[in-house]
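Asks: Spelled out from the first residue to the last, the chains are:
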Amino acid sequence: MLTDFELMILLAILRVGDEAYGVPISRQIEAATARPVTRASVYTALDRLQRLGLVTSTLGQPTPERGGRAKRFFTVTAQGLRAVKEAQRAFATMWRGLPQLKGNLS
Amino acid sequence: MRRIADEGIRLLDRIGQGELAGDLAEELHLGRSPAWVLAQAMAAVVGAAATAVRSQPYLTFRAVATAWITLQIVNGQWPFAPHLGITGWLLTSAGGPFVMVTQYVACGWVVARLHRENPVPLVFASAGFLTLTNAVYVMMRTLGMMRFRPSWFAVDFVAMPIVLLLPLVTIVGGLWGADFWRGGPLDRDMKVAR
Numbered sequence: 001m002l003t004d005f006e007l008m009i010l011l012a013i014l015r016v017g018d019e020a021y022g023v024p025i026s027r028q029i030e031a032a033t034a035r036p037v038t039r040a041s042v043y044t045a046l047d048r049l050q051r052l053g054l055v056t057s058t059l060g061q062p063t064p065e066r067g068g069r070a071k072r073f074f075t076v077t078a079q080g081l082r083a084v085k086e087a088q089r090a091f092a093t094m095w096r097g098l099p100q101l102k103g104n105l106s
Numbered sequence: 001m002r003r004i005a006d007e008g009i010r011l012l013d014r015i016g017q018g019e020l021a022g023d024l025a026e027e028l029h030l031g032r033s034p035a036w037v038l039a040q041a042m043a044a045v046v047g048a049a050a051t052a053v054r055s056q057p058y059l060t061f062r063a064v065a066t067a068w069i070t071l072q073i074v075n076g077q078w079p080f081a082p083h084l085g086i087t088g089w090l091l092t093s094a095g096g097p098f099v100m101v102t103q104y105v106a107c108g109w110v111v112a113r114l115h116r117e118n119p120v121p122l123v124f125a126s127a128g129f130l131t132l133t134n135a136v137y138v139m140m141r142t143l144g145m146m147r148f149r150p151s152w153f154a155v156d157f158v159a160m161p162i163v164l165l166l167p168l169v170t171i172v173g174g175l176w177g178a179d180f181w182r183g184g185p186l187d188r189d190m191k192v193a194r
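Line by line, the protein sequences are chains A and B.
Residues in the first sequence are numbered consecutively from 1, following my numbering.
Residues in the second sequence are numbered consecutively from 1, following my numbering.
Derived by calculation from the structure, the hints in this document are not laboratory data.
Keep in mind it's a predicted model, so treat the numbers as computed, not measured.
C-beta atoms are modelled at their ideal positions from N, C-alpha and C, and glycine is treated no differently.
Among these hints, one or two may not hold up.
With the C-beta cut set under 8 Å, the calculated list includes, among others, these residues of chain B facing chain A [what the hints assert, rightly or not]: (1) Gly16; (2) Leu24; (3) Gly47; (4) Met160.
With the hints as extra help, turn the sequences into a complete structure.
Replies: Okay, structure coming up:
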């Protein structure tokens, strides 16, 4: 079972695409939630997702602005995509038919 | 502040979180404040220490016990010093604060030297434990002062925060013991990568 934060990370990776590494993933989540994201928690979640086989990663080239450190790029696996769709279905089911949630947010 | 942030990033390299270190270096390069970067690095190190405590309870216990025993020895509590009265003389002398700082630095150094495989998280865990024991001491002393010596409370009000912050220098000793400023194998790898 995915946590909300892990689901956010999977969605952020899908949104960013091929250039999905720590910085753009964190910024996507910050932009969507308007809350600060602790960078270490992103990597903790990514490690767990990788252990579960929901994402894979590859090491890029070292760059000078990173002090010679390489970027680690993340990709959602087919299993990860299935997990996202399942979560989407579950949320949609829970959302459907609730009179309190009808109308605009504003 | 920028230099301290760089040191925080380097600390992440030393605990095997090179990707996160790279991300923070990039954020710093993109204009994030050094204070923000340092806070992120410290959160990561504290998180790594918490993970070490959970995943290696025996090793953590050994590190914490090492720190505590070292503190007792250098504090002159054990095994002979109480009889010689050295402790009281040293701590009430003009060099008392320096002696106290040195004691905590020594604790961190010994922990790092005896736990070469994973020194940084264990040093942080030890510093956390010493802070906790000092907090208990401060709490009990404050309660005692309020009850029996209210007039001394003002002096303690100044001194006790220092007692609480003192274990933080254990981290300095630990980093020294882990050859953080000398450059370990990871630092050499980073230079090759650059």
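Asks: So, for every hint listed, does it hold in this structure?
Replies: Okay, the hints, checked on the actual structure:
no., hint, verdict
1, Gly16, "violated, 11 Å"
2, Leu24, "holds, 7 Å"
3, Gly47, "holds, 5 Å"
4, Met160, "violated, 30 Å"
Hints 1 and 4 from the earlier list are contradicted by this structure; the remaining hints agree with it.
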